[in-house]
Amino acid sequence: MKKEEKSKIIEEISEKISKSKGLVLADFTRMTVAEVNELRRELKSAGVDYKVVKNTLLKIAMQNVGGYDGLFKYLEGPTAVAFGYDDPITPVRLIKKIKGKIEKPSVKAIFIEGQVYDGSKLDELANLPSKSDIIAGIIGSVIAPASGIVWTLNAVLSELVLVIDAIAKKLEEKGS
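Counting with the working numbering, you get residues 11 to 186 for the letters of the sequence shown.
No lab work stands behind these hints, which were simulated from the structure alone. Treat the hints with care, as some may be off.
The calculated lysine-lysine pairs, modelled on PhoX-like cross-linking and capped at a C-alpha distance of 25 Å, are [stated by the list, open to error]: (1) Lys179 to Lys111; (2) Lys31 to Lys64; (3) Lys61 to Lys106; (4) Lys180 to Lys26; (5) Lys54 to Lys64.
None of the values given here were measured: they were computed from a predicted structure.
Please build the complete structure, drawing on both the sequences and the hints.
And the structure:
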């Protein structure tokens, strides 16, 4: 591989790393072509990039971005990287889902928003709620009291209208 090709790959991987919120490093050996294609298809449909990268080039890209030193010890043997851009848990969940079907790839390490986890933590991390689930829970918690107030005010106003209506009917009966 020529120096220009290497620098182009390093630049591309550096850009992917800097945009991603979560990374999964995996060993893809012992996977058939069909299994790799299924993995790529599944990841791509969720907006996750999957790339096989030479460890030396990946390490240089991580050094360029900074903050990924904890992953260097996992850069041995064949390495593929899944880049999660929107939700850092998405690539973890998808790889767990794929592993349920084909028992591969083996996960070396997981990087989620600044934290490095060993690949053995895949199941635990895959069960974390997604960012959108957390946001929905927070919004629901904030809205619940407000909607309760609205329902209470509506009930009070309905009761007030009924009382005024009853008083008006009594006055009509007395006046007639």
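Hint check:
no.: 1; hint: Lys179 to Lys111; verdict: violated, 72 Å
no.: 2; hint: Lys31 to Lys64; verdict: holds, 21 Å
no.: 3; hint: Lys61 to Lys106; verdict: holds, 17 Å
no.: 4; hint: Lys180 to Lys26; verdict: violated, 76 Å
no.: 5; hint: Lys54 to Lys64; verdict: holds, 21 Å
Hints 1, 4 from the list above are not met by this structure, while the remaining hints are.
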